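Dock chain B against the given chain A, drawing on the hints supplied.
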Amino acid sequence: MNAFDTGGPAEAGHDAALDFDDVIVDDVSRHFGRRRALSRISFTVARGEIVGLLGPNGAGKSTMLSLLATLMRPTSGRIRFGALDVETAGERAPRLRGRIGVLGHDLFLYPELSARENLAFFAGLYNIRDANRAALAALQRAGLADRADDQVGSFSRGMRQRVALERALIHDPRLALLDEPFTGLDDASAAALVERLKVLRDSGAIIVVATHDLDLAEGLLDRAVFLRDGRVAHTAARPEALRSTYRAVMGKGGA
Amino acid sequence: MLHAIWLIVRKDLTVEVRSREIAYTTLFFAVSCVLQFAFALVKEGKPPEDGAAGILWIAIAFSGTLALGRTFERERQSETLRALLLAPTARPAVYLGKLLGIVSLLVLTELILTPLVSFLFQAPLLVHPIWLFAVVISGTIGFSAVGTLFAAMLVRARSRDVLLPVLLYPITVPVMIAGVRGTAALLQPEVDLGIVRFWVALLLSFDVVFITLALWTFEPLMTD
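So the sequences go chain by chain: A and B. Counted the way this note's numbering counts, the first sequence spans residues 1 to 255. Counted the way this note's numbering counts, the second sequence spans residues 1001 to 1224.
These are computed hints drawn from the structure, not numbers from a lab. What you are looking at is a predicted structure, and each value in this text was computed from that prediction instead of being measured. We put the CB at the ideal spot given by N, CA and C, even for glycine. It cannot be assumed that every hint is accurate.
[Unchecked claim] Per label pair, the in silico range of CB-to-CB distance: (1) B/Ile1112 <-> A/Asp150: 27 to 37 Å; (2) B/Pro1129 <-> A/Ala137: 42 to 52 Å; (3) B/Pro1174 <-> A/Ala145: 24 to 34 Å; (4) A/Ala145 <-> B/Arg1020: 26 to 36 Å; (5) B/Glu1021 <-> A/Arg35: 34 to 44 Å; (6) B/Val1191 <-> A/Ser154: 46 to 56 Å; (7) A/Gln140 <-> B/Gln1077: 26 to 36 Å; (8) B/Val1166 <-> A/Asp150: 37 to 47 Å; (9) A/Arg92 <-> B/Glu1073: 32 to 42 Å; (10) A/Ala46 <-> B/Ala1157: 35 to 45 Å; (11) A/Asp202 <-> B/Gln1077: 44 to 54 Å.
[Unchecked claim] Covered stretches of chain A (in silico footprint by chain B; criterion: 3 or more residues with CB under 8 Å from a CB of chain B, positions within the stretch not fixed): (12) 63 to 74; (13) 113 to 121; (14) 125 to 137.
[Unchecked claim] Some chain A residues near chain B, calculated using beta-carbon distances under 7 Å: (15) Arg92; (16) Pro94; (17) Leu107; (18) Arg238.
The shape of chain A in the complex, shown without the other chains (with noise of 0.2 Å):
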């Protein structure tokens, strides 16, 4: 038995009173004292959806999987979860983030645990009944069955990246979001990754993803976000050739 398998209470990490069909960012605005990080930023995610919030760094694409994760909260504006606005959730909020899944450029591991006891830590604190069987079966989908029990630590970074992803969605969350996802994944893990980002789409999560692989993204987005500067520069649906219109967009240079 792992060390992180305690059985866990009873209720499973999903909580239908509080699912969601849609995520509403409505002239959302934040500022770290004078410096704005986002300004009157407006978009609706709805479920079955991936969205790719693009632009070059600093243009405030980690900022805002924050405040979607709940992490910070708008200076200005609303974001609402369905009918939930966060500001008012109040008891509710913990059932919130237990339906949030999020992968963070900073891959939220420890070094010390082994792969299996980080994914068992985490479907424990999710609510997961058997938070044992869950990491195994996260391990499987990730291909690292085999160093379940070896200390991440010792892993590569794509090797890493593949865990922190089961980490994040090891509770099936209705909202994922996913931070630079494709870093340190070879072809292969990022072809399947792409592959496992439809299929969470096809059985209805909402799904937000901020990337600078335009390549990866290109056929994968059902919308993207443009963001420069802290502001939306431009949105398009069902985007194709996203490097020129990220060119166009940004102006001179690109990814």
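Coordinates of chain B only, in the frame set by chain A:
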């Protein structure tokens, strides 16, 4: 919430058993601190009168600050503190889990530190072990309650190593005074347990106040 607290404590202790980083550095620092006081203050085999209580609490405060910094540095490196804050549990559970982990590590250090101080300063610290335990544990909880909140709050601050003691020590002065006086009361030739009881009660009331304030402020402090 209790389940989440338990998972966090167990995770912290498992990580520490694997790395032994905090236990070794904290213990090494605390023992070095006590030895230096012993070399400086024990003259011809005679320790300073009532010095042991102060030296014990200086060692606890300094090694506690080190443990607090290292514990949250660990959560900072892969931003795992953010992952804990994203969990579907009341955020104060994260605070309580981290607090219990730090108190456990400090108690481990104190188990070695207290007999060492008793031996080097010829102090009868272990004559009333239950009362000594009550003073030390209640003081450790009070110190760690404030320290855990500040260390979590400062986790992304650039000068966190400087700011932590600057913020922590002034606020924990009452805990330190009560801890030193309670321990000193146990070192008297004829121990007045009424006085010891008073200091323990005072320490416990500090614990209640500090933990309540920390639970109240943790979520808003960590959200922004």
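Cβ distance range 35 to 45 Å for alanine 46 of chain A and alanine 1157 of chain B, holds or violated: 39 Å, holds
Taking beta carbons only, do three or more residues of the region 125 to 137 of chain A come closer than 8 Å to chain B? holds (count 3)
Please check whether proline 1174 of chain B and alanine 145 of chain A have a Cβ separation lying inside 24 to 34 Å. Since proline 1174 of chain B and alanine 145 of chain A have Cβ atoms about 54 Å apart, the given range 24 to 34 Å is violated.
Take the shortest C-beta to C-beta distance between proline 94 of chain A and chain B; is it under 7 Å? Check passed: Cβ of proline 94 of chain A comes within 5 Å of chain B, closer than 7 Å.
Supplied distance hint 37 to 47 Å, evaluated on CB atoms of valine 1166 of chain B and aspartate 150 of chain A: 41 Å, holds
Could you say whether the range 32 to 42 Å given as a hint is met by the Cβ separation of arginine 92 of chain A and glutamate 1073 of chain B? This hint holds: roughly 33 Å between Cβ atoms.
Does the Cβ pair alanine 145 of chain A, arginine 1020 of chain B satisfy 26 to 36 Å? With a Cβ separation near 29 Å, alanine 145 of chain A and arginine 1020 of chain B satisfy 26 to 36 Å, so the hint holds.
Chain B contact restraint for leucine 107 of chain A - C-beta distance below 7 Å: With a closest approach of 6 Å, the leucine 107 of chain A hint holds.
Given arginine 238 of chain A was flagged as interface, is its beta-carbon under 7 Å from a beta-carbon of chain B? For arginine 238 of chain A, the interface hint is violated, since the closest Cβ of chain B sits about 31 Å away, which is over 7 Å.
Quick check: does the Cβ-Cβ distance between valine 1191 of chain B and serine 154 of chain A fall within 46 to 56 Å? Between valine 1191 of chain B and serine 154 of chain A, where Cβ atoms are some 54 Å apart, the hint holds.
Range hint 44 to 54 Å: satisfied by the CB atoms of aspartate 202 of chain A and glutamine 1077 of chain B? This hint is violated: roughly 36 Å between Cβ atoms.
Can you let me know if the beta-carbon spacing of proline 1129 of chain B and alanine 137 of chain A is within 42 to 52 Å? 49 Å, holds
In summary, the structure is inconsistent with hints 3, 11, 15, 18 from the numbered list given earlier, while agreeing with the others.
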